[in-house]
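For reference, the chains in residue letters:
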Amino acid sequence: MTEKKNDIKETQDPAKTEASAEKQAKKEVPAEKQEKKGASAEKPKAKPKPKKNPRAKLFKSERMTIVAPAPHAKGKQSVPRIMYTVIIALLPAVAASIFFFGTRAMVTLMVAVFSAMVAEFACNKIMKTGVTIDDGSAILTGLLLAMTLPPTFPVAATALGAVIAIVFGKQVFGGLGANIFNPALIGRAFLQASFPVKITTWTLPAFASSSAYFDIATSKAVDTVSGATPLGLWKFEGIGTHLKPLLFGNIGGCIGETSALALLAGGIVLLILKYADWRIPLSYIGTVFLFSGALWLIDPSRYPDPLFMILSGGLILGAFFMATDMVTSPVTPLGTWIYGIGMGVMLVVIRLWGGLPEGVMYSILFMNGLVPLLNRWTRPKYFGEIQEESKKK
Amino acid sequence: MKLSTFKKGLHPEDYKYLSQDQAIETLPPPDDVYIPVQQHIGTPCEPLVKKGDRVKTGQIIADSSAYVSAPVHATISGTVKDISKYYHPLGMRETMIHIQRDGEEEWEYLEPIDDWKWTPKEKLLKTIRDAGIVGLGGATFPTHVKLAPPDDRAIDSFILNGVECEPYLTADDRLMVEEADKILLGMSIMMHILDVQKGYIGIENNKPGAIARMQKRVVELGYPFKMVPLKVKYPQGAEKMLIYSVLRRKVPCGKLPMDVGVVVNNVATAYAVAEAVTEAKPLIQRVITVTGDGVKQPKNLMARIGTPFKELFNVCGNVKDNVNRIFMGGPMMGMTQYHLESPVVKGSSGIVAVTGDLVEELTTFPCIRCGACVLACPMNLLPLRLSKFGQENMAGELEDYGVSNCIECGCCAFACPANIPLVQWIRVGKLRLREHQAKTAKEKA
Amino acid sequence: MSNSAKIIIVLTVITLFSGGVLALLDNFTAPKIKAHQEEVKNRALRAALPDNDRVQEVTKGDYRFYAAYRGDEMVALAFEASGGGYQSELRLMVGVTPDFSTITGAVILEQVETPGLGTKIQEDPANKENPGWFMGQFTGLRTEPEISYVKNEEPGNDHEVRAITGATISSKAVVNILNEHIKKAEAAWNE
Amino acid sequence: MKEKPAIQEFIKGLWDENPVLVQLLGLCPTLAVTVSAENGLAMGVAATFVLVCSSFLVSLLRNVIPNQVRIASYIVIIATFVTIADRFLAAYTPEISKSLGPFIPLIIVNCMILGRQEAFASKNKLGRSLLDALGMGAGFTLALLVLSSVREVLGSGTWFGMDIMWASFSTWKVMSLPPGAFLTLGCMIAAANWINRRRQT
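Residue numbers (the numbering used here), protein chains in the order written: chain X, 78 to 470; chain L, 25 to 469; chain P, 15 to 205; chain W, 46 to 246.
Treat the hints with care, since some could be wrong.
Said to hold, decoys possible - So, partial list: chain X residues that the calculated Cβ filter (under 8 angstroms) puts toward chain L:
| no. | residue |
| --- | --- |
| 1 | T142 |
| 2 | A147 |
| 3 | K151 |
| 4 | G152 |
| 5 | K202 |
| 6 | G446 |
Simulated from the structure, these hints should not be mistaken for laboratory data.
Values in this document were obtained by computation on a predicted structure and should not be read as measured data.
Glycine is no exception: its CB is placed at the ideal position from the N, C-alpha and C atoms.
All chains should be modelled from the sequences, with the hints used to inform the complete structure.
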């Protein structure tokens, strides 16, 4: 309904020739309504578009111009553009993961993206909405989901997760923009709950065996080296991991959480282009740093140091690519701060005192659920509102 | 130097280069003019002439006895051919007086004023009213009302609005370059009427010629005005934004600039005031920018009010064949024109014709709550929520979220990546809130 | 008949009927239910204790001990141990040699752990031949210096068990409960 | 009330007024115990037994019970039959009784049962009340059976304890957990609505 409004067309009477008055009167009616109401929103009586492009044939004498409400200028942003830019920003991390984990990671990535697109298409057909694959959001969901899975995750389960992500994470709410929770994380949460063993069976990257910090894993000569993530090692075995491998990605973990540097590169591109709100990663990671740093200062033997907390697990991936998902993050600046701080606190609490080694997924999903409330509570004061109040006092 | 500005807003590509250097060209009086009897905000005027009457240039042809109102003058000498409904640039058909030129110009001037400094303020205000001067920035609020605030409002500052923040438009810019003296004179007359000492001239930084010229004349003529160059940002020219940019004062919601002791007037208004007071000329013409990439030779024209747009385009080499959209005013708030018989009115600051390359037809996506509109809204509103509430007819929420504060500047819709017609939905919301309020008021009564 | 009298009479009749029916029912279901409970306990004791002639119940301290005798010789002691698991309270029946140095058997009496994961401490459907392999590991396990667990490999020492993959916390909980209660029970028994 | 054919009272409970899918009544046991088909069936049968017996008594006594104490009377009657069911299960099928845990006693406060007494049995003749109770019970049991079958097959790879999935099938653990119950029930309700909508048009 809304899209029609913007391209109501009216034949433009030529600048030079005079048209008969009755003809003018007839043509004028819909446009008049349009302008008077400001927006003929309730019932835009758009004329059906002529089959041929009239502009091509009708020259000078009957020129077509668009009659539409202001503004007549438009920014360059568009939803697909945002989606595809985020996808491109993920590519360094994708490349890094394929470099570290090999073709197996690539298969997982491709399966997830493909399944997500198929699920999106199927939902479009069943729900009889227009096909929305081309807006890129399904591709992005599939890609993000794959980034949160271990490279050796079964193909069928990956596909299942992508379908769940699209169907239960997005389409049941009404499609793009209507979902409450990050679809990729919904898919991941389903997989975590369904296949908890497989999703925590990590493969070490190709180069890990040569490094000395992986004592347990390297002590065994098995074909597929399965090992714990640095967080798992810390939580269950009390073994820390050096920061350098964490930074470059030479560690065990899921596809996307390994190389902090590659993720940061993409994340910073998003921040510069303003496709991600800088407040979210800052407040999220900052809270984790301060909270875990305070605990570390109190008792360094019990709590890991804050840099380890930041670089391990999927925090970078989550903070830059998942928490910043526009649909599921607050729109108000204050709400965004609360959102980020809430996630940070949740993350540290889950990691340090919860049953799971990793808390990024649940911390984001938890705060996603609060976003509608945050948006409501943190309505910004509109221009001039503060003064009115202070004057009353 | 850090330029002052307001918070949020955005900067669309301004395309001022198309007509910025075109000197104002005076359009000869056209053969036919169509003069709407209603050209201001306030009580409508009634026609004072009838079909067949002979009118002189400057003769009052429509007026109202109400205070918040401004008379309308004949802009050419000739015969009244008809008083009937014609196309108005705002889209509807309005009562207009059709005058056909019949030869030489014959003027009917206002009552002359010898020395405005020694003339009673009431007289000056009457002259301004008789001249039919309204806010020429586009708001068309009668200027004499603006210049006579109630006694309980202490006005301490006067701001001359030379911002012209809408892309494309250069009419005010050229006027400042070419008629700086008259503008400054008009400004001092208005300040004299208001009895205000502090005068500010706000000009956006993309008009270096205007800033230089005005600055030079202010110094040379010894005016105590302060030049305030402003950062290029839309909607800098909106009254509330300009007051904040220049004086850091926020006009409270639902209040007027005079509530914070400020009166803002457009440069074109100041020019018209000077002409009326010193030359006894009523407002019968204005500068209008004819521009856009759909026009062969963009120009700034001094045109009689009532001139059909097609005459303007004729002078500018006519519109190109691939023109896609023609609108009066700037691209952010302007009204699309579907009929070039529509005349220039007092509020017309420009007429822009653009080809398809500039304004694409866009598909609408669902809102992804990216917050681009929130970051753009100069009034600090949440356009995405307001438009949703408008669609869903949620009057209570509309009120809570301050829908009536929206100035409809179009920043949100400009920024929206999903191409949602936010401004239109917000207007629907305003309408629905008003309906709801009327209903509840009725129920209470 | 007044309304309140009617109310009283009707409610009384219904309640009497209800009580009567339930009393009748209890007569013949109660023994069966009791038998089931005995059965459960005996099965647990059979699993926790080695072959014996008779079992004698002794209460010492906080514990109720089931002492198993072969002839006059006490061969093992069993007692209940409980503690927090991953998401529920675990109750175990543990049998130890009289000197508390070796476990003679341990079974889970009650657990509501995560289905499919934590529940593997009681029954692992993936291991078709030996679903109870996890608790089976404890039979014959040394309690000195302390029971511990290893992950993803075969235990190398006689005081180690292998934890369940994906249910480390539940496995750890069982080990912790045993460590704690064997020590406490020893102290109680020797008092 | 307009008289319908008596058999309608039975049939309506199966689909049109299905307590779980349409009326959304009695969801507490529905969601909690449906981990395996066996549990679901046992729960359905127990609830049906209580429903039929209580409806019988309530319908019989509908002209005797004073209005002011009707809810109290219903609760006592229902509680009696629930206790009977509970004790029977404990005595004869201790395993099922253990896995159903507190949810059998909780049938007392199952809104479906109390709801049928209040809405139907207390206003209708004995025969119709019995048919209604049977229909509702059957609908409840059927819905629980489907729900628990889906959850057991996907969550444990078995059906009534039999292995029915292929060897490499990895079970969806979430289906054995509470979220699985919500997911499955949501899908069932969505499917029921979808079918109803298609039938209407």
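Comparing the hints with the structure gives:
1. Checking T142 of chain X against chain L by beta carbon gives a least distance of about 6 angstroms; that is within 8 angstroms, so the hint holds.
2. With a cut of 8 angstroms, the hint placing A147 of chain X at the interface with chain L holds, because the nearest CB-to-CB distance is about 5 angstroms.
3. At a threshold of 8 angstroms, the smallest CB-CB gap from K151 of chain X to chain L is about 6 angstroms, leaving the interface hint in force.
4. Because the beta carbon of G152 of chain X sits about 5 angstroms from the nearest beta carbon in chain L, less than 8 angstroms, this interface hint is met.
5. Checking K202 of chain X against chain L by beta carbon gives a least distance of about 18 angstroms; that is not within 8 angstroms, so the hint is violated.
6. Checking G446 of chain X against chain L: minimum C-beta separation of about 15 angstroms lies over 8 angstroms; hint violated.
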